[in-house]
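Chains as they are written, first to last, in this note's numbering: chain A, 1 to 620; chain B, 1 to 177.
Keep in mind the hints are simulated off the structure, nothing from the lab. Be a bit skeptical, because a hint or two may be false.
With a straight-line cut-off of 25 Å between C-alpha atoms, the simulated SDA-like cross-links for lysine to any residue are [claimed, not checked]:
| # | chain 1 | residue 1 | chain 2 | residue 2 |
| --- | --- | --- | --- | --- |
| 1 | B | Lys162 | A | Gly203 |
| 2 | A | Lys409 | B | Glu172 |
| 3 | A | Lys409 | B | Glu48 |
| 4 | A | Lys470 | B | Asp81 |
| 5 | A | Lys495 | B | Glu48 |
Which residues of chain B face chain A? A partial, calculated answer using Cβ under 7 Å [as the list claims (entries may be wrong)]:
| # | residue |
| --- | --- |
| 6 | Asn7 |
| 7 | Gln32 |
| 8 | Ala44 |
| 9 | Pro47 |
| 10 | Leu131 |
Computed from a predicted structure; not experimentally measured. Ideal Cβ placement from N, Cα and C applies to all residues, glycine included.
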Amino acid sequence: MALLQIQEPGGKQAKPLHRRAVGIDLGTTNSLVSASCGPGVETLPDSAAQHLLPSVVHYSKGKPPLVGVEAKALLVDDPLNTIASVKRLLGKSLSELKAKQDYLPFEFDEARADGAPAILTEAGSKDVVQISADILSALVERAEASLKGALEGAVITVPAYFNDAQRQQTKDAAQLAGLNVLRLLNEPTAAAVAYGLDSNDQGNVVVFDLGGGTFDVSLLSLKNGVFEVLATGGDTSLGGDDIDHAIAEWIAAQLQESAAVAVPSVAKLRQLANAAKHELSDKPQTAIVINQFSALLEESTLKKLTADMIRRTIMSCRRVLRDAGLAVADIDNIVMVGGSTRMPLVRDAVAEFFGKTPLTDIDPDKVVAIGAGIQADVLIGNKSPDSFLLLDVNPLSLGIETMGELVEKIIPRNTTIPVAKAQEFTTFKDGQTVMSLHVVQGERELVSDCRSLARFELRDIPAMVAGAAKIRVSFQVDADGLLSVSAEELSTGKKAEIQVKPSYGLKSSVIEEMLQDSQSHAKIDMEARSIKEAQLEATQLLDAIANALLVDGNLLSREEADSLAESIKALENTMTSGGSVQIHAATEELNQASSDFAAKRMDLHIANALRGESIDAVEK
Amino acid sequence: MQSLIRNYFTLFNLPEACELDQESLSAEYRRQQGEVHPDRFANAEEPEKLRAVQLSSYLNEAYETLKSPLRRAAYLLSLRDIDVEQVNQNDLSMDLLLEQIQLREKLDELPIDESALASLDALRSEVNVKLEKQEKKFAEFFDLENFNEAKKVYHELQFLYKLSAEIDAGEEIRLGY
Chain A
1 MALLQIQEPG
11 GKQAKPLHRR
21 AVGIDLGTTN
31 SLVSASCGPG
41 VETLPDSAAQ
51 HLLPSVVHYS
61 KGKPPLVGVE
71 AKALLVDDPL
81 NTIASVKRLL
91 GKSLSELKAK
101 QDYLPFEFDE
111 ARADGAPAIL
121 TEAGSKDVVQ
131 ISADILSALV
141 ERAEASLKGA
151 LEGAVITVPA
161 YFNDAQRQQT
171 KDAAQLAGLN
181 VLRLLNEPTA
191 AAVAYGLDSN
201 DQGNVVVFDL
211 GGGTFDVSLL
221 SLKNGVFEVL
231 ATGGDTSLGG
241 DDIDHAIAEW
251 IAAQLQESAA
261 VAVPSVAKLR
271 QLANAAKHEL
281 SDKPQTAIVI
291 NQFSALLEES
301 TLKKLTADMI
311 RRTIMSCRRV
321 LRDAGLAVAD
331 IDNIVMVGGS
341 TRMPLVRDAV
351 AEFFGKTPLT
361 DIDPDKVVAI
371 GAGIQADVLI
381 GNKSPDSFLL
391 LDVNPLSLGI
401 ETMGELVEKI
411 IPRNTTIPVA
421 KAQEFTTFKD
431 GQTVMSLHVV
441 QGERELVSDC
451 RSLARFELRD
461 IPAMVAGAAK
471 IRVSFQVDAD
481 GLLSVSAEEL
491 STGKKAEIQV
501 KPSYGLKSSV
511 IEEMLQDSQS
521 HAKIDMEARS
531 IKEAQLEATQ
541 LLDAIANALL
551 VDGNLLSREE
561 ADSLAESIKA
571 LENTMTSGGS
581 VQIHAATEEL
591 NQASSDFAAK
601 RMDLHIANAL
611 RGESIDAVEK
Chain B
1 MQSLIRNYFT
11 LFNLPEACEL
21 DQESLSAEYR
31 RQQGEVHPDR
41 FANAEEPEKL
51 RAVQLSSYLN
61 EAYETLKSPL
71 RRAAYLLSLR
81 DIDVEQVNQN
91 DLSMDLLLEQ
101 IQLREKLDEL
111 PIDESALASL
121 DALRSEVNVK
131 LEKQEKKFAE
141 FFDLENFNEA
151 KKVYHELQFL
161 YKLSAEIDAG
171 EEIRLGY
């Protein structure tokens, strides 16, 4: 790797102390740890020379947890105490997870007060942060044995699509495992780091990362040692596991058809499916044998089974290109990451879409960990700080709820981080002294369709007429992609702020679903939004007229009052049932109907003002 | 360390004008991020880290503003104390409104399936041609210090960019996202 061979000027001087820092790829299926040793950064093996640590933890009474291969071996026999793919559970609430029960064989701890998911095991209740921390601890132990000393820092990778809650829990798990987190790094970025350094390419790189449980695609531009993430996209629940799942279902269907043998357990089917998938990476067909039963799985069948998944990955590529404003021809390199990119079907589809053969030189299972290790080496100070820089983007839009349950986006997706943005809001009612702020994440226009991140209140706003108070809401996203929000009333300087932490039990769905929804619902959203806006406008007019009638109702004749009441009633009816056009029309009509009244009020108040009397005095 | 209140053009050593050398902007942005980015302060004390986040955020905001022709135009006008948020009815010509309605109708009339993709591309090209023309026009008025006319062109640009975003959204729907 070219950059790692760069000598410091005057390199013959005594070497500065080398500090122990590692890169960790905390994966859904497997995890790895890497460090700079000798000429370059390498992944570290365990005592059995295995680099990949299966991300599986087994708990038993009175014993420390088992992590890795030994735990994985117990998956079939002791499913309740053996936890795999914990990464899929990060940042989710118990209710969200239960909706996906078929994937999850364990028992959840219902007694937890905070609604955070925890699993009941022989060794007690274990939450997802604890389980992740146990995997990290196993990696730390391996690294400390290999590097002969305590670690001073770590870079941990997360899928680019991870939301705020998922990032925060990853960081919490690392802290629980006693790690000093130098940076959370997006996995595709780490992969580009691993590849980018041994070429002096200037140009645009697509990182295509199809792992066990997640799919990420990122577009990076490399220039003068600076990696800039132009756009990211993907799917938080698409990966090799789904391919195994599809094959397993196919096997089950074949078995049922033949009725020769009983269908084995889901775990057993998965094992068979996984083995068949690997076989097909270099053979056109493979036989699946269960007792007397045998079925032939051909590449063409696999192609059919995976067609939809592969199509979804290519869609994401197209979208990321568009977000970055680039065409296929602008892409100089495609980096393949994740075990599933060993599948020829995946490689072919990517090559066909980009019209280029993707890069596969570095082991696709190790490339992310290696990139993280390189970055850890730079951040801890072992490498010259001019070496390179990573500029990341935030993967999902961040916004705030406004009147009428609409989302005002403050930071749109794919904005380079860190970023700070502020927007001014105002009060909606006369004399309003409290403003509730609701922070949401997602692409849709209605609050109920986005993920709720946090709620907080700004109190003691001085009482003013509606619209007079100026409240500045500031969003700050740091380099790890973590958000904090503050609100300030500008005339008094009264402030309230919050660090956004995962909030459980709130209505939300998987990010990927949210993103897809956002697109297919764009039209419905727009109409829903116009209706909400029209309703808001109508409410404001109704409020204003009601207030005016209270004060100056005596200015109207009986007929005038009746006719105004009729228009009010008409608008109230239309508001609940009509579309935006009808509501607008009814609002306009009421506006017209009340214009004489408004003029009379105006005359009266001007007359009073000229006489030097206050309105209050007139009322009395 | 530089002060946070600075003209974005000065910040990047660029002349304050509509025409902008994107290469110089990017190069200078990357160079400065190399100095202030929080990653450079991963081992520093909290106050320094916080300062790095602030400076780096400011740099990002400045960069995004100058990089986008629309935001750059608004920024240039704001430097001349012209508030683009304030839209006057007579700022928008009837011709422009009619043209917008026609373009929108074209977009709305396309079938909601993949058969519309080619037409969407054609519509996008049409909008892009108009965008380019209006961007030139904006620069001309701005250079002549005719800020009122420049502001009108800015609003036309705003329409076109919005339409362009809707074409993109339309494409995503038809691709089945």
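Here is what the structure says about each hint:
Restraint check for Lys162/B and Gly203/A: the C-alpha separation of about 29 Å exceeds 25 Å, so the hint is violated. Proposed proximity of Lys409/A and Glu172/B is supported: the alpha carbons are some 20 Å apart, at most 25 Å. The suggested pairing of Lys409/A with Glu48/B is violated, with an alpha-carbon distance near 29 Å, which exceeds 25 Å. As the CA atoms of Lys470/A and Asp81/B are separated by approximately 21 Å, the hinted pair is consistent with the 25 Å bound.
For the suggested pair Lys495/A and Glu48/B, the alpha carbons sit about 23 Å apart, so the restraint of at most 25 Å is met. Taken as an interface hint, Asn7/B does not check out: its beta carbon lies about 18 Å from the nearest beta carbon of chain A, beyond 7 Å. For Gln32/B, the shortest C-beta to C-beta distance to chain A is roughly 11 Å, which exceeds 7 Å, and the interface hint is violated. For Ala44/B, the interface hint is violated, since its Cβ never comes within 7 Å of a Cβ in chain A; the closest pair sits about 11 Å apart.
Of the supplied interface hints, the one on Pro47/B is violated, with its beta-carbon coming no nearer than about 15 Å to a beta-carbon of chain A, more than 7 Å. A hinted interface residue such as Leu131/B counts as satisfied when its beta carbon comes closer than 7 Å to some beta carbon of chain A; here the least separation is about 13 Å, so the hint is violated.
Hint check: violations occur at hints 1, 3, 6, 7, 8, 9 and 10; the rest are consistent with the structure.
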